[in-house]
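Chemist: Each chain is listed here by its residues.
2 protein chains.
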Amino acid sequence: MANKEDTLGIAVKMEQDFPEWYNEVVIKGGLAEHSTIKGFMVIRPHGYAIWERIQAYFDGIIKKHGVKNAYFPLLIPESFFKKEAEHAEGFAPELAWIEKSEDDGERYAVRPTSETIMYDSYSRWIRSWRDLPLLINQWCNVLRWEVKQTKLFLRSREFLWQEGHCVYETEEECDKEARYYLEQYRKVAEELLAVPVILGKKTDKEKFAGAKTTYSIEAFMPDGKALQMGTSHNLGQNFAKAFKISFLGRDEKQQAPWQNSWGFSTRLIGAMVMTHSDDKGLVLPPKAAPIQIAIVPIFRKEDKDSILKKADEIKNSLKKYSVVLDGREGYTPGWKYNEWELKGVPLRVEIGPKDLEKKQAVFVRRDNGKKEFVPLKDIEAKAKETFDLMQGDMLNKAKKFLDESIAEASDWKSFEKELKSKKLVLVPFCGSGPCEEQIKENTGGATSRVIPFEQPENIGECVQCGKKGKFMVYFAKAY
Amino acid sequence: MANKEDTLGIAVKMEQDFPEWYNEVVIKGGLAEHSTIKGFMVIRPHGYAIWERIQAYFDGIIKKHGVKNAYFPLLIPESFFKKEAEHAEGFAPELAWIEKSEDDGERYAVRPTSETIMYDSYSRWIRSWRDLPLLINQWCNVLRWEVKQTKLFLRSREFLWQEGHCVYETEEECDKEARYYLEQYRKVAEELLAVPVILGKKTDKEKFAGAKTTYSIEAFMPDGKALQMGTSHNLGQNFAKAFKISFLGRDEKQQAPWQNSWGFSTRLIGAMVMTHSDDKGLVLPPKAAPIQIAIVPIFRKEDKDSILKKADEIKNSLKKYSVVLDGREGYTPGWKYNEWELKGVPLRVEIGPKDLEKKQAVFVRRDNGKKEFVPLKDIEAKAKETFDLMQGDMLNKAKKFLDESIAEASDWKSFEKELKSKKLVLVPFCGSGPCEEQIKENTGGATSRVIPFEQPENIGECVQCGKKGKFMVYFAKAY
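Same order as they appear, the protein sequences are chains U and H.
To convert, note that position 381 of the first sequence is 402 in my numbering; the numbers rise steadily by one, no gaps.
To convert, note that position 254 of the second sequence is 275 in my numbering; the numbers rise steadily by one, no gaps.
The set of hints was computed from the structure by calculation and includes no laboratory data.
Since we're looking at a predicted model, the values are computed, not measured.
Please note: incorrect hints may appear among the correct ones.
One copy or two, either will do: identical chains are not told apart, so a pair holds if it fits within one copy or between any two.
To be verified - Simulated pairs of lysine-lysine, BS3-like, Cα-Cα distance not exceeding 27 Å:
hint, residue 1, residue 2
1, Lys308, Lys84
2, Lys340, Lys379
3, Lys308, Lys85
4, Lys85, Lys341
5, Lys262, Lys59
6, Lys398, Lys325
7, Lys226, Lys461
8, Lys172, Lys418
9, Lys89, Lys308
10, Lys498, Lys262
11, Lys341, Lys391
12, Lys341, Lys84
13, Lys103, Lys301
14, Lys89, Lys301
15, Lys34, Lys274
16, Lys420, Lys308
17, Lys434, Lys89
18, Lys441, Lys420
19, Lys441, Lys34
20, Lys84, Lys331
21, Lys262, Lys405
22, Lys441, Lys341
23, Lys418, Lys233
Input sequences plus hints: build the corresponding full structure.
Modeler: Rendered as structure tokens:
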């Protein structure tokens, strides 16, 4: 769809107005748009294809691990929410209720997450230790009635996600597995999307409503805000008890099993876009890009046929990849370059009359703009090499930014200073909820992001209250 | 999950009580269950894996054809429905409304189908003939507030489906493509699910709310009821005009485009189950079965290791297929046979001490129970051969039943007689809505199913009113 607006490129620079720049990059890159319905977004084909790549990558991993997909109802009875008190309280403000359902003598809400509706079934399915572990995942849409302004992919009333819900005989297995899924999330973020993350635990205040422990992968965006990329919860036996899930153990005793749940959403796309894109539009890492190569032939009337023929040969030699051959007439090469740059296509291949003569093509990398002349016979090998390099370079560049964005502070003054210069600040913290609330208030919105798994032996005094610190934790403002 | 109930097999025979038999086959086969929430179902992993096979098969076809997937909001504003009058009226009784949405000054309903919300976006995306054809598909859940009793996969308040929504420059292309997708539906039904179908058009009374023409594939179930397996609608310019979609044509004139939409749902799984299953449980065609082969080793303590080793070798030689090696202890081979039969696994491979001696295994086909001794060296080739045969045999058997179920009638008396003997009856019909209503009333529920594409030159008199018939059409009671 070559709407006129596309030709204009990104009107706002990243430095000028980051949120508006992001919004434009997503819209003009053809990934998504704001729906006419307040708070909702439309995921356009170019954006949905990224989600499909994420799905294929992660679905392959979990299926190999023994997880099976299933589908549970969209609506959840009010009574189910009330069975786990913390969970009910956590989600109450965000629920959208169905009018008509009162005919059935009960109110139903559109699922904000599916613990309760799934565990109602689990309570019938699980009888013996032989039924465990039960490893189930669901790909679906969820609704959370946000009141804040919609940000495409990052905050909207509906989003797409996966939610894994597993049940185990022992707490040890359950917790180990919760961390296994977190490690797979790291792979999705770093290896597919080239977004580096920090792994760790959430504080009690920030953990999932109803969980015993929440693990998280956390990324840091170019505007100095942290972004939670995925969470994996050790639910303990809380839900098992609330939903009366029990099994006959190997010891012949009836007991409650241990559960974890883990999810990531279309928000990942937003994180990837912010991490890599620039003032020309989207920049996508080769592994996650729906279109990996755009071939742009450059021709006059007299050499059109020979150039297009060669361009087609090049396309055929790149069959492994997702390639567009842009042979459209009535558009200049420059216009086409802009369009594929806006859409984040990792590699542009140009071929004109001179190249044809020299039996070469021109490779242009989207991430750094580097040009290279490639002999036609080397095209396939060179494409592979370029993509491997580019995928690595993009991750490394983002890692460098993350490393440079990390600061440590042991007292309030330096903590405040680092936060002001938009750092992700590691501080000793006492772990108390009210203390964390106080920090948020005093800093104008910084929240605890993640308690890294690696901790020093001695923790200093809490930056806020001065009491003995329990652990080191990252604080930052966040999406 | 080896619940005790599974061991009992199907308690009701197909002949005794078809609906209850079907319900048991689905539940005990582990495909789905009734949710605690009235009117909703849970699709269990074994059932969802069939849906994934259907998705992979069809998604491959449409992507090759140039269709791209996207995602549109779950909620639809009331005002959108009202833009196309017939559409609004058709869906009004089945809508579930959101309570909270009135905060936004408008009521929202959960989507029963997505024409309106998608075409709202299309009106912004389409400007010129260069933007056409626009070929978009969505895989999602929809809600239709059914008041009739839930039948797993066949009738429930929520179901999963795909909905394709395409836009074209000309009516000719639009209609041709609507029929193209119908032909792909035929392939899904016949080639993947081994369910034979009749292709044709719907009568005006049965067509989709807002469509110009509805095409349909129609199957016929063993209990003598027809089942609509998928529909493809030529929407004409109705929605384009209602949603103000217009484009600048090659003739430089602004004009309304032509649209089609097409969908099939998880109902396909129900049709496949009814068509093939028996009193022992599910029977699944090899191409659609999530587990294609169950290897059951038969051993005593003394030969356990050697048998399991050989069974494992067999499993490795069948890597192309989805194989379970059922080495569980504490279950008899007979118990295992029952379980895999209940679950519809197409091929059982048994290997015991005598087989080991003779360097053979035993193949047992699920569809006809035939046993065959297969030399171990031929296992892979024989598995392929068996599956090809079985897939064909199952389709042919179902085709034979369909052919035998078709009757023709030219007068009311024979029409009534054929309907009573549970036939799919082809009759001359005048095409009028009231006349069709009358037939439904007089026959206790028979509806027009499909107007086959192939029509005789001369049509007799309408079986109901005696006026000149317009076309031959199939009538039957239906799901």
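Chemist: So which of the earlier hints does this model not fit?
Modeler: 10, 13, 15, 17, 21, 22, 23
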